[in-house]
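Quick mapping for you: the protein sequence lines, in order, are chains U and R.
Quick note, in full-length UniProt numbering, the first sequence goes up one by one and the last residue is 284.
Quick note, in full-length UniProt numbering, the second sequence goes up one by one and the last residue is 281.
Simulated from the structure, these hints should not be mistaken for laboratory data.
Incorrect hints may appear among the rest.
[Claimed, not checked] Below are the PhoX-like pairs computed for lysine-lysine, each with C-alpha atoms no more than 20 Å apart in a straight line:
1. U:Lys28 <-> U:Lys93
2. R:Lys132 <-> U:Lys193
3. R:Lys184 <-> U:Lys174
4. R:Lys49 <-> U:Lys174
[Stated by the list, open to error] Just so you have them, the derived chain U footprint on chain R, three or more residues with Cβ under 8 Å:
5. 128-136
6. 166-177
All C-beta atoms in this analysis are idealised placements derived from N, C-alpha and C, irrespective of residue type, glycine included.
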Amino acid sequence: MRFRCKIVDVSCLNHFTRVVNTITKLTKSCTLRLTANNLYFILTDKVANGGVSMWCELCQANFFDEYQMEGVSAEQNEIYLELAPENLSRALKTAQNAKAVKIKLTNRHCPCLTVAVELPSLSSTSRIVTHDIPVSVIPRRLWNDFKEPTVPTFDVSIYLPTIKTMKSVVERMKNLSNLIVIEANRNGEINLKIETDLVSVSTHFKDLGNPPWVSDDASQSSTQERDTDVMSEATVDIKKLLQFLAGQQVNPNKAICNIVHKRMVHFIFLHDDVSLQYFIPAIA
Amino acid sequence: MSFLSQPEVDEDQYVFTCSLDNVRNLSNILKAIHFKDHASCFATSNGLKVTVENAKCLQANAFIQAGIFQEFTIREDSVVFRINLTVLLDCLTIFGASAVPATCTALKMCYQGYGHPLALFLEEGGVVTECKIHTQEPEETLDFDFCSTNVLNKIILQSEGLREAFSELDMSSDYLQITMSPDKPYLRLSTFGNAGSAHLDYPKDSDLIEAFHCTQTQTNRYKISLLKPSTKALALSCKVSIRTDNRGFLSLQYMVRNEDGQICFVEYYCCPDEDVEDGDS
Numbered sequence: 001m002r003f004r005c006k007i008v009d010v011s012c013l014n015h016f017t018r019v020v021n022t023i024t025k026l027t028k029s030c031t032l033r034l035t036a037n038n039l040y041f042i043l044t045d046k047v048a049n050g051g052v053s054m055w056c057e058l059c060q061a062n063f064f065d066e067y068q069m070e071g072v073s074a075e076q077n078e079i080y081l082e083l084a085p086e087n088l089s090r091a092l093k094t095a096q097n098a099k100a101v102k103i104k105l106t107n108r109h110c111p112c113l114t115v116a117v118e119l120p121s122l123s124s125t126s127r128i129v130t131h132d133i134p135v136s137v138i139p140r141r142l143w144n145d146f147k148e149p150t151v152p153t154f155d156v157s158i159y160l161p162t163i164k165t166m167k168s169v170v171e172r173m174k175n176l177s178n179l180i181v182i183e184a185n186r187n188g189e190i191n192l193k194i195e196t197d198l199v200s201v202s203t204h205f206k207d208l209g210n211p212p213w214v215s216d217d218a219s220q221s222s223t224q225e226r227d228t229d230v231m232s233e234a235t236v237d238i239k240k241l242l243q244f245l246a247g248q249q250v251n252p253n254k255a256i257c258n259i260v261h262k263r264m265v266h267f268i269f270l271h272d273d274v275s276l277q278y279f280i281p282a283i284a
Numbered sequence: 001m002s003f004l005s006q007p008e009v010d011e012d013q014y015v016f017t018c019s020l021d022n023v024r025n026l027s028n029i030l031k032a033i034h035f036k037d038h039a040s041c042f043a044t045s046n047g048l049k050v051t052v053e054n055a056k057c058l059q060a061n062a063f064i065q066a067g068i069f070q071e072f073t074i075r076e077d078s079v080v081f082r083i084n085l086t087v088l089l090d091c092l093t094i095f096g097a098s099a100v101p102a103t104c105t106a107l108k109m110c111y112q113g114y115g116h117p118l119a120l121f122l123e124e125g126g127v128v129t130e131c132k133i134h135t136q137e138p139e140e141t142l143d144f145d146f147c148s149t150n151v152l153n154k155i156i157l158q159s160e161g162l163r164e165a166f167s168e169l170d171m172s173s174d175y176l177q178i179t180m181s182p183d184k185p186y187l188r189l190s191t192f193g194n195a196g197s198a199h200l201d202y203p204k205d206s207d208l209i210e211a212f213h214c215t216q217t218q219t220n221r222y223k224i225s226l227l228k229p230s231t232k233a234l235a236l237s238c239k240v241s242i243r244t245d246n247r248g249f250l251s252l253q254y255m256v257r258n259e260d261g262q263i264c265f266v267e268y269y270c271c272p273d274e275d276v277e278d279g280d281s
């Protein structure tokens with residue numbers, strides 16, 4: 001099992017740092033899956049984290065100038081690591097104006113991701129800061145737990161409004177309530193609603209547009225025939241939603257929300273070479 | 001169909017409606033009196049007065065004159081209700097509290113009368129928020145009986161002069177002692193804390209002092225914990241009028257200029273803590 005990679009380009013480094021920071025805001029611990037072409041940050045739906053799951057996919061070629069990996073075996077050419085993204089994020093913080101950053105899998109006392117940051121210096125000898133981030137290698141028999149989630153059969157798929165506006169609305173609503181109802185229809189409308197003993201608040205976004213999903217799934221096409229004004233809704237933990245909205249630093253080109261009526265909300269953020277999916281289960 | 005147009009369908013059912021093009025003209029001034037969860041609201045044809053009290057010793061009033069609102073309709077002589085101010089402020093700032101240039105949140109506020117919720121309709125960039133905040137039984141507010149004929153001393157200051165003083169106050173002191181006098185030291189703020197006493201004097205001819213009408217030397221102590229919330233109003237204001245009456249009651253009137261250049265007032269009344277002999281220091 002071998003892994004080493006190198007980032008030289010500053011914009012790639014900043015971009016990678018932003019992705020890692022976003023992951024850090026979402027979870028204390030996650031799985032890093034390395035394949036020949038991609039990196040994945042994965043959080044599976046454990047009850048301990050409120051049933052939230054995350055799937056973040058990065059194309060290695062768009063970030064790294066050098067990327068070598070050798071998996072467990074030739075036919076299963078992958079590596080699964082468990083790590084605290086905060087550690088990686090902290091290591092990258094020192095790399096803000098680095099000349100180069102090397103990340104490799106090492107074994108010092110325990111398995112580590114070693115982040116070697118080459119900092120600019122005035123003298124001819126360069127300064128190198130090394131961070132050893134402890135990781136645990138996930139054995140092959142558990143790999144099945146980290147399968148790519150299937151896009152659920154949703155009732156509504158809709159583009160999200162400006163994240164900034166939505167974040168500010170959800171932030172205020174969080175002060176007032178623990179639960180939020182997200183509802184949307186096929187007519188480009190999203191409503192965010194809270195209701196407590198003291199106050200009821202509902203915010204209406206319109207003209208958002210519904211992404212065209214090409215689906216051969218019979219159940220999905222049948223829902224398409226429904227009245228476009230019918231709302232599908234899900235009640236979710238407002239803190240989980242805010243965590244996602246407030247933590248994201250990737251500024252997606254496209255942000256999509258899918259709602260499985262009374263079951264879950266599924267967010268997809270697309271930014272060129274990064275895709276981030278986030279699933280929040282509905283609370284009955 | 002716009003959500004904002006909905007309440008106009010049967011406008012008659014509301015005893016009180018008002019609208020603002022820029023909600024911050026209301027929310028900012030309410031923040032200046034937000035030191036307790038609950039507030040009493042009084043609407044008359046003159047405008048809206050919001051009152052917050054603490055410990056029966058402190059009262060803060062925010063006045064938003066009818067002229068500040070783009071529309072202000074009241075169908076009764078006066079409309080009174082009590083409301084959770086924290087919730088109201090969260091609703092008013094739902095699209096964000098900070099001033100972002102070129103974005104304004106418009107507000108329409110409607111109240112059907114006793115027992116009904118206060119309805120808010122906010123709109124920014126085509127996004128509409130509706131809020132219904134439950135109102136509560138109005139409670140009687142304190143009457144400080146602060147009458148201008150009983151005022152002994154009055155000083156009008158530029159707020160920056162007092163802001164500096166308040167930011168440097170020794171918060172370990174329980175009291176702020178205010179001395180106002182026609183003779184030296186004219187205006188003195190004193191604290192008595194763990195690290196010793198501090199006195200801050202303003203000369204009568206200071207540029208910061210706009211008006212000086214003191215008739216009698218008066219020294220009174222006020223609990224710092226009570227006065228502290230007033231710094232929120234101080235931070236917003238451009239001028240402050242400090243008055244004390246013959247009982248030693250303190251009135252702080254803050255003149256606040258809103259984003260559209262209009263003037264509003266926030267007023268704090270505070271009871272003195274105890275009688276202090278004249279000249280004692």
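Results for each hint:
1. U:Lys28 <-> U:Lys93: 17 Å, holds
2. R:Lys132 <-> U:Lys193: Within the cut-off at roughly 12 Å; holds.
3. R:Lys184 <-> U:Lys174: With a Cα-Cα distance of about 53 Å, the restraint between Lys184 (chain R) and Lys174 (chain U) is violated, given a limit of 20 Å.
4. R:Lys49 <-> U:Lys174: Violated, at roughly 28 Å.
5. 128-136: holds (count 7)
6. 166-177: violated (count 0)
Consistency with the previously given hints fails for numbers 3, 4 and 6, ordered from lowest to highest.
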